[in-house]
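Chemist: Below, each chain spelled out in residue letters.
Protein chains: 2
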Amino acid sequence: MTIPHKAGGTRSERKHEAILDAAAALFLQHGYLGTSMDEVASRAAVSKQTVYAQFTSKDALFEAMVRRLTRAAGDKVQVGLGSPPDGMSLAAHLIGYAARQLEVVRTPALMQLRRLIIAEATRFPDLGRALYENGPGRAIAGLADVFAEWSAKGLLETPDPLAAASFFNWLIMGEPVNRAMMLGDEAVPDGAALERHAGEAVRIFMAAFAPAPSPD
Amino acid sequence: MTIPHKAGGTRSERKHEAILDAAAALFLQHGYLGTSMDEVASRAAVSKQTVYAQFTSKDALFEAMVRRLTRAAGDKVQVGLGSPPDGMSLAAHLIGYAARQLEVVRTPALMQLRRLIIAEATRFPDLGRALYENGPGRAIAGLADVFAEWSAKGLLETPDPLAAASFFNWLIMGEPVNRAMMLGDEAVPDGAALERHAGEAVRIFMAAFAPAPSPD
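Protein chains in written order, with my numbering: chain D, 1 to 216; chain V, 217 to 432.
By construction, these hints were calculated from the structure, which means they are not laboratory data. Yeah, the Cβ is synthetic: ideal placement off N, Cα and C, and Gly gets one too. Treat the hints with care, since some could be wrong.
[What the hints assert, rightly or not] Chain D residues, not near chain V, derived (Cβ > 12 Å throughout):
hint, residue
1, 13
2, 14
3, 24
4, 28
5, 29
6, 45
7, 46
8, 64
9, 71
10, 84
11, 88
12, 145
13, 152
14, 176
[Said to hold, decoys possible] Ranges between beta-carbon positions, derived for each pair:
hint, chain 1, residue 1, chain 2, residue 2, range
15, D, 133, V, 409, 44 to 52 Å
16, D, 56, V, 275, 29 to 37 Å
17, V, 409, D, 141, 17 to 25 Å
18, V, 226, D, 103, 51 to 59 Å
19, D, 148, V, 258, 54 to 62 Å
20, V, 275, D, 207, 32 to 40 Å
21, V, 259, D, 47, 23 to 31 Å
22, V, 408, D, 195, 33 to 41 Å
23, V, 415, D, 82, 27 to 35 Å
24, V, 291, D, 75, 41 to 49 Å
25, D, 36, V, 276, 42 to 50 Å
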């Protein structure tokens, strides 16, 4: 490969993106083994040599594609939840957070990415870790921080903020995500049902972690 | 094919089982697309014609293999939990149940089956449904029955027993199953950690669903 001059650099970047877009579409639909580099090249309207020049191997392309989508998905995860605005109860604040988290399960491409990574967790263990760290791991760590802060202020009682955050996360996400994984995207409840679900999950959490009323 | 006589029938059944065993080993390790009928035949020590005579297609073999493992897994799921024995608290009874459910996540073949079905949920939607119905669906329905019964006796307060059962299930299974899906079997906590997890999950559940103390 020659070092690209300016205009070529831009074209090369455009090709790079086109290849990643094509790879995302094909891998998400057909899986790792069901997708060939020829198909990626054809869909991206570049030569196969260009694909290999940019990504060296199918494994490398798969990894680059998954990491790009995972980062994008991670950016949707709420971190740094912060304290409730004046006049809003902690429970109402948490319900709002839960509702925003649940939007993720209503994004079919993200559910398909999750299926794909689970499918390939043995072949690509690093990708499973990247998805976990950018997804539930990041959400749970962010929650644990605010739970610790709220506990210090006497608003919650979470002696183990990380464990409490994990239970909170799976109260919210457990059923919808796992139903979607096994039953497909049509099994995700509609918006009103997800709102009721979020409300009940927060009620359960607050019953277990709200500070005990003072004895006097 | 000729209709088998007695001795042939037995041999045919043995071959049938050998093919299913070979299919399970190969599909679980290499996935649907990564496994060929030639490899199944070779591993089962039968001819490829025999494989096709018994299962007609790779799809049919895959389905038969998954359904056999799913049924076997479903038999491990606790149903008809029953009431706690005399002198045992409801919480202690639920912790015992939770600990038994968690054994499932410590069975690598079952976690791999789950990964495989999630991977192929789009290609084989019926299999996702079968796994869901034999797995979480069955556990949750069984729990909902006893929660309704206990609520009628005043031991619990679950106005929606099915929703309560689903939250209970995912309090227990959410973190360990989803970590195992993405991070691999090594990410499953050890026995002592799973016991603490079960205890805390039941504490959260009881905080939310134990009957309110009577006002007098």
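Chemist: For a quick check of understanding: which of the numbered hints are violated here, in increasing order?
Modeler: 4, 5, 14, 15, 20, 21, 25
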